[in-house]
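2 protein chains.
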Amino acid sequence: MEKFQIPEWAYEFHGHQCPFMPIGYRMGTIALEKLGVKKSQNHEMHVLSEMGVGHPQGCMQDGIMSSTSATFGKGLIEKLNYGKVAATFWYPNKGGVRIFLNNEFQEKLAPHDFFKYRKKGVEPSEIPAKVRQDIIDIVLTASIDELFTIEILPNFTYTPVKGSFAKEKCEVCGEYTFERYLRMKDGKKVCIPCSEYNKAEKGFYYPQFNTNK
Amino acid sequence: MEKFQIPEWAYEFHGHQCPFMPIGYRMGTIALEKLGVKKSQNHEMHVLSEMGVGHPQGCMQDGIMSSTSATFGKGLIEKLNYGKVAATFWYPNKGGVRIFLNNEFQEKLAPHDFFKYRKKGVEPSEIPAKVRQDIIDIVLTASIDELFTIEILPNFTYTPVKGSFAKEKCEVCGEYTFERYLRMKDGKKVCIPCSEYNKAEKGFYYPQFNTNK
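In order, the protein sequence lines correspond to chains A and B.
If you count the first sequence from 1, position 32 lands on 66 in my numbering, and the numbers rise without skipping.
If you count the second sequence from 1, position 57 lands on 91 in my numbering, and the numbers rise without skipping.
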């Protein structure tokens, strides 16, 4: 296969050269193609990443954001904390597609020198350039079938959070706070840190979706 | 003031031209300077964004990631869900710095035509280019003092999650799963979706930090 091309700025955004950013970049490209859509200039696609915390390979998600523009800043990518190298892509009125990095490809990459360095605690930018380039080339020349298991989910539904521009100043610290995050305390409208309620109770967001299989 | 320069690729990553990506980009640049560090090629800086869901202006976070390389994919930026245009930047052995977009600057931007379009539901890429450029230029020519309140937090501590490369195949679906996300069910090691435990109980991650003021 011809070498897949990734723009240089995606590496600059990510900060280093590693195999998982390119894996995510290719994953995003396939999602756009399978859903028949362009990259999300505004707030179109939502990505439910199955990655979590406390493990490597999350770099995949920077690749997904770079090829789809479904970014963290725009609220278009969430972590499901399943600990898998997989993501489901949802687009309004198009359903979803789940893409998983094949076990066999994970096993193919695992013995590479790149991971020997990583497991010794060497950070990616400190790994010899030749080693980095070699593992990236393995990713960029692999076929889609070798890389991924792709599952089309025509009935996948996702409900984005309804947004509001309403904000008010916290009556203690004075800082503007979006309305949904104002709390009441001692008869005043206050922000969460000033309320101190979050010492005992954290607020979380979990994306609302249904695979409808 | 001279016009602050933002690389073109940051807009390409973000997907559209708006004022809040540049605000975040400048915020990140100041954080690097105040902490006396370079952008994070690997896993150095951690950003605790005070933004949440269901409100605009989260675009700021794409700017922060672009100027600092403290990215979502690398697990270096988290949302605290406070609903404020603010973030705290932590760097190992350097403490932290909190940067808040001044109320007065928020009030200065608010009546701009850009937001008249946004509040009518017009997406950023559909707003006339002249209107977009004008509001971006307001951001790029504002002084740091006009934009931000900067609080140095020398004793700010943050504890990154300890990582592990360990993974095993789920004994039901067969997919590789990072160890911390394997669960036990009917005597088998299974992934969270196969366990179905997450229908009743979600797992969340909340960053561990202390402002130590």
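Check before you lean on any hint, since a few could be wrong.
Short derived list, chain A residues pointing at chain B, Cβ under 10 Å [what the hints assert, rightly or not]:
1) Pro41
2) Thr102
3) Pro162
4) Gln167
5) Ile169
6) Val195
Non-contacting residues of chain B with respect to chain A, defined by C-beta distances greater than 10 Å in every case (computed) [said to hold, decoys possible]:
7) Gln140
8) Lys142
9) Gln167
10) Gly208
None of these hints come from the bench; they were simulated from the model.
Values in this document were obtained by computation on a predicted structure and should not be read as measured data.
Just so you know, even glycine gets a beta-carbon here, dropped at the ideal spot from N, CA and C.
Tested hints:
1. Pro41: Pro41(A) check passes; min Cβ-Cβ to chain B is 8 Å, inside 10 Å.
2. Thr102: holds (9 Å)
3. Pro162: violated (15 Å)
4. Gln167: violated (16 Å)
5. Ile169: violated (15 Å)
6. Val195: Because about 4 Å separates Val195(A) from the closest Cβ in chain B, which is inside the 10 Å limit, the hint holds.
7. Gln140: violated (6 Å)
8. Lys142: The assertion about Lys142(B) holds, with a minimum of 12 Å to chain A.
9. Gln167: holds (16 Å)
10. Gly208: violated (7 Å)
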